[in-house]
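Enquirer: Chain residues, written in single-letter form:
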Amino acid sequence: MDAQRKKITSLSDEVLVGRIARADRAAFEELGRRYLKKAYSIALRMTRNQDDAWDLAQDALVEIHRSAGTFDRRYSFSSWFYRIVVNKTLNFLKREKLRSGAFAGGMEDKFLGAKGVAIRGGEAVDPEEVFTSGTLVEETDPERDYEASELRHMIRRALESLSPEQRTVVILFDLEGFSHREIARIMDCPEGTVMSRLHYGRLKLKEQLERSLL
Amino acid sequence: MTDCPKASQITALMEGWLEANEARELRAHMATCTLCQRTLAELEAAVALLAREAGPVDPPAGGYEALLESAIAARDDVLLPDPRRALWVRRVAAVAAVAILAVSAVLLVELSTPSPIPPAEMAEPDILEELIQEHALATSHMPFSDGSYMALTVQSPPKR
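Sequence order for the protein chains is A and B.
Numbered according to the numbering used here, the first sequence spans residues 1 to 214.
Numbered according to the numbering used here, the second sequence spans residues 1 to 160.
Do not take every clue at face value.
Unchecked claim - Listed next, the in silico EDC-like pairs over lysine to aspartate or glutamate satisfying Cα-Cα at most 16 Å (straight line):
1. A:Lys37 to A:Glu176
2. A:Lys37 to B:Glu65
3. A:Lys38 to B:Glu110
As the list claims (entries may be wrong) - A short list of chain A residues far from chain B (calculated; beta carbon distances all over 10 Å):
4. Arg5
5. Asp13
6. Ala21
7. Glu29
8. Lys37
9. Ala53
10. Arg66
11. Arg99
12. Ile155
13. Pro164
14. Asp188
None of these hints come from the bench; they were simulated from the model.
Glycine included, each C-beta is placed from N, C-alpha and C at the ideal position.
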């Protein structure tokens with residue numbers, strides 16, 4: 001790592017946003033390295049489409065460049081950025097709903113079909129790791145593979161049945177590990193609303209899964 | 001606590017969002033309420049199933065580095081004007097400048113040409129005469145005013 005790169009990695013998010021407002025390319029790249037992975041993950045879980053998630057994560061990052069001048073440094077950069085990601089994704093899903101006539105109903109499940117689910121010792125593992133380790137054939141149980149794949153498919157279908165707001169809260173809290181306070185900041189709503197959406201989202205999810213499993 | 005709590009309170013208990021005394025009361029209620037126990041068990045089962053979905057997602061095709069490069073290129077496009085768009089803007093600006101010059105020239109010619117219509121401030125001769133007469137008659141009672149002479153001329157015009 002050269003000295004300049006080392007220096008920029010030590011800067012806070014807020015300082016980097018200030019530099020981005022002055023068209024600093026290196027600062028933009030550094031913030032991208034810090035946040036693009038999570039942005040892509042949120043967008044992918046919400047849209048279930050790799051191409052859409054790619055576009056949304058990219059748009060959200062470019063939006064930082066456009067809006068850096070308006071960023072209020074009293075607030076956390078991460079909440080601001082994830083709010084951009086979530087809002088862009090929710091708007092995208094609304095447009096898709098209007099276009100297709102049913103909320104994400106006609107969307108192709110590219111997420112599920114990308115590499116399938118790899119199982120090692122009964123646990124789902126990163127498929128990338130399994131492919132590179134060369135142990136896929138020896139440690140894969142086709143029956144378990146199928147069951148896990150079916151279950152994941154059911155969970156995704158159940159997530160689809162939630163309202164966009166409930167789904168966002170469940171994804172951010174249960175899958176992405178954000179706290180309810182962070183989610184309230186990201187979604188710009190009271191913490192009580194987050195708690196309520198999480199509760200009713202989980203209940204609905206449970207009902208959908210029960211129907212699928214029976 | 002004897003009545004069942006609001007359903008969202010059970011989620012709040014699961015996640016540790018309740019105050020210590022609220023949590024204690026709710027646990028005491030749940031120890032005897034099979035309905036609340038069942039709701040808690042079902043919610044825990046849903047969360048356990050969701051946990052199987054947790055963890056990192058598959059990286060995008062080409063990896064995160066390719067996505068970052070793509071975002072940087074998109075940012076550069078925003079920053080640097082598109083040459084085609086710049087040409088279009090220059091053409092529109094040129095047409096607008098020519099239009100402004102043409103309008104200015106027409107206005108200049110229009111203003112410098114004498115108008116055939118008489119200026120509004122010029123009174124008609126009849127009106128002027130009427131005003132003089134009114135003034136003369138109004139001041140005719142003052143013997144030393146110019147009006148007294150003028151009134152005579154107005155009342156009895158000089159004979160030829």
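Enquirer: For Ala21 of chain A, which was marked as not at the interface, is the minimum beta-carbon distance to chain B over 10 Å?
Expert: The assertion about Ala21 of chain A holds, with a minimum of 12 Å to chain B.
Enquirer: Going by Cβ atoms, does Pro164 of chain A stay more than 10 Å from chain B at every point?
Expert: holds, 17 Å
Enquirer: Under the criterion that the straight-line Cα-Cα distance not exceed 16 Å, is the pair Lys37 of chain A, Glu176 of chain A satisfied?
Expert: Measuring from Cα to Cα gives roughly 12 Å; hence the hint holds.
Enquirer: Checking the smallest CB distance to chain B, is Arg99 of chain A really beyond 10 Å?
Expert: holds, 23 Å
Enquirer: Once the closest CB in chain B is found, is it more than 10 Å from Arg66 of chain A?
Expert: violated, 7 Å
Enquirer: Asp188 of chain A clear of chain B by more than 10 Å, beta carbon to beta carbon?
Expert: holds, 20 Å
Enquirer: Has the given pair, Lys38 of chain A with Glu110 of chain B, been kept, meaning a C-alpha gap of at most 16 Å?
Expert: violated, 67 Å
Enquirer: The output says Arg5 of chain A does not contact chain B. Does that hold with a beta carbon cutoff of 10 Å?
Expert: Arg5 of chain A is indeed farther than 10 Å from all Cβ atoms of chain B, at 14 Å.
Enquirer: Keeping to a limit of 16 Å between CA atoms, is the pair of Lys37 of chain A and Glu65 of chain B held or broken?
Expert: Within the cut-off at roughly 10 Å; holds.
Enquirer: Would you say Glu29 of chain A is clear of chain B, with no C-beta pair closer than or equal to 10 Å?
Expert: violated, 6 Å
Enquirer: Would you assess whether Ala53 of chain A, listed as outside the interface, keeps its beta-carbon beyond 10 Å of every beta-carbon in chain B?
Expert: Given a closest Cβ separation of 7 Å, the condition is violated.
Enquirer: Can we confirm that no CB of chain B comes within 10 Å of the CB of Lys37 of chain A?
Expert: The claim breaks: Lys37 of chain A does not keep its Cβ more than 10 Å from every Cβ of chain B (closest is about 5 Å).
Violated hints, in rising order: 3, 7, 8, 9, 10 and 12; the structure is consistent with all others.
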